[in-house]
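4 protein chains.
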Amino acid sequence: MTDIRPLKAQDEGDWRRLWADYLAFYETTRPDSVFRATFTRLLDAAEPMRGLVAVADGRVVGLAHLIFHRHCWSEGDTCYLQDLYVDQDMRGEGLGRKLIEACYAEADAAGAVTVYWMTQEFNYAARMLYDRVGVRTPFIKYQRP
Amino acid sequence: MTDIRPLKAQDEGDWRRLWADYLAFYETTRPDSVFRATFTRLLDAAEPMRGLVAVADGRVVGLAHLIFHRHCWSEGDTCYLQDLYVDQDMRGEGLGRKLIEACYAEADAAGAVTVYWMTQEFNYAARMLYDRVGVRTPFIKYQRP
Amino acid sequence: MTDIRPLKAQDEGDWRRLWADYLAFYETTRPDSVFRATFTRLLDAAEPMRGLVAVADGRVVGLAHLIFHRHCWSEGDTCYLQDLYVDQDMRGEGLGRKLIEACYAEADAAGAVTVYWMTQEFNYAARMLYDRVGVRTPFIKYQRP
Amino acid sequence: MTDIRPLKAQDEGDWRRLWADYLAFYETTRPDSVFRATFTRLLDAAEPMRGLVAVADGRVVGLAHLIFHRHCWSEGDTCYLQDLYVDQDMRGEGLGRKLIEACYAEADAAGAVTVYWMTQEFNYAARMLYDRVGVRTPFIKYQRP
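Residue numbers (the UniProt record's numbering), protein chains in the order written: chain H, 1 to 145; chain F, 1 to 145; chain R, 1 to 145; chain Y, 1 to 145.
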């Protein structure tokens, strides 16, 4: 039995473990202050952020972080799916797709004009899923050096 | 004599012309309600948006739109450079670079952790500039269908 | 027990089946005249082509086609790995890697300066292997309209 | 007055200069033995190679190197446009396009099924031309480490 539900205060331990694993995939870590700030914000209704978790047999095994922000091309905000992660040993169960679909529902509920995300060109496993639930755009990301 | 300065209320006519040209480059248009909302927000200090214009010999010939938003990986906001445009007949004068550098200064003033933007993979003219003032990341953009 | 060995005349039936499957992956077919010409050439020592097959438990379950050709940048020829295929139900056994390594050995035996191949940017399954046994170059392919 | 014509023995000095400049663009050089072998082969009717040069006001200012080779998917050979170069100070005169169109004519005369070439993803100046005279394919190049 799997389920997608909003992140809750009591998920902190599971969330910390999953998000650390996600950051490790990107070969990075973050100080505890960032873990605290982000977790607090994800639970704060006044913040333009939402957290979702995937639960399988009572265990929290996946997460998605949404950020709503202004968009010059529309009156409504857009929704940026910044982080998405499913436990290594729970891959292939459709949880990634369910998390993304739940993000779409969150975005609809918030009136966001669209949902977008970014992935490394060579993240083949992720792209296999993204090609099915989303659309690849021709946009590539640049950043300040 | 060229200069980069914040967008002002009296720039509305020039801004509308330039932004319409920019949108036309992307083969799109926006209703007047979006022009009004975006212009108003770019001038509103309470909004997480900033507008910059490039001025050459007293004429407004370029624009840049910044959006500040939350970032799960840091306590501070990030800065998204969503729109950048220089009048067709003013290209090659270094105004694009000056606009981006002014965005970096705005981001610094606002305490943003970085500045990022997206461009179409085949926008060669833009990428020639971006490769000099920014760093290409391996990230590509997906969106909801 | 798996083995990689040169294509032989008696493989024609198996080879036709595998190569048709491979072409079907690219959503194409070829007339019988091309099947005949290519099979004949792959067996003809006077042609700059080589065929290899993967054999598992006596069954031919994979193929690789090599083409040697001039290269302006070197005195020796280069080796183009044009076709590579492993039966759908034999994937994940390392046969693709073994075929590529056998191609490298063929290229060495022929004195080829390198081995190269091309793959669709979105062929994730293939690229997972290619990233391990080869090097992605920044080159993309254009062709006559 | 510009013209595209086959490479001739008396072009050797000009050809060496242009090809060295082309190789320098790719941050490489080649020993004299390769210059000699390639020039000789380009002039040798028995070799599956052709050289073309662009001439402007009597000066040799551009080159194109073609290699014909087998193709498993067709009975006829294909044509690989390996090298293409126009003198730095002669860019923007349409010589690159004329060289490519002359390659198409050569390929037709030789019965080649198509013409293809490869370019670095970030070679914007070249791609601006290639997008007009050719078609970008989704194929990317891998090579032996």
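No lab work stands behind these hints, which were simulated from the structure alone.
Please note that the accuracy of each hint is not assured.
[As the list claims (entries may be wrong)] Derived lysine to aspartate or glutamate pairs resembling DMTMM-like cross-links, with alpha carbons at most 25 Å apart:
| id | chain 1 | residue 1 | chain 2 | residue 2 |
| --- | --- | --- | --- | --- |
| 1 | Y | Lys141 | F | Asp131 |
| 2 | R | Lys8 | R | Glu47 |
| 3 | R | Lys141 | Y | Asp57 |
| 4 | H | Lys141 | F | Asp32 |
[Stated by the list, open to error] Taking beta-carbon pairs under 8 Å as the criterion, some of the chain R residues facing chain H (in silico):
| id | residue |
| --- | --- |
| 5 | Tyr124 |
| 6 | Arg127 |
| 7 | Leu129 |
No residue lacks a Cβ here, since even glycine has one placed at the ideal position from N, Cα and C.
Hints and how they fare:
no.	hint	in the structure
1	Y:Lys141 to F:Asp131	holds, 22 Å
2	R:Lys8 to R:Glu47	holds, 15 Å
3	R:Lys141 to Y:Asp57	violated, 33 Å
4	H:Lys141 to F:Asp32	violated, 29 Å
5	Tyr124	holds, 4 Å
6	Arg127	holds, 6 Å
7	Leu129	violated, 10 Å
In this structure, the earlier hints numbered 3, 4 and 7 are contradicted, and the remaining ones agree with it.
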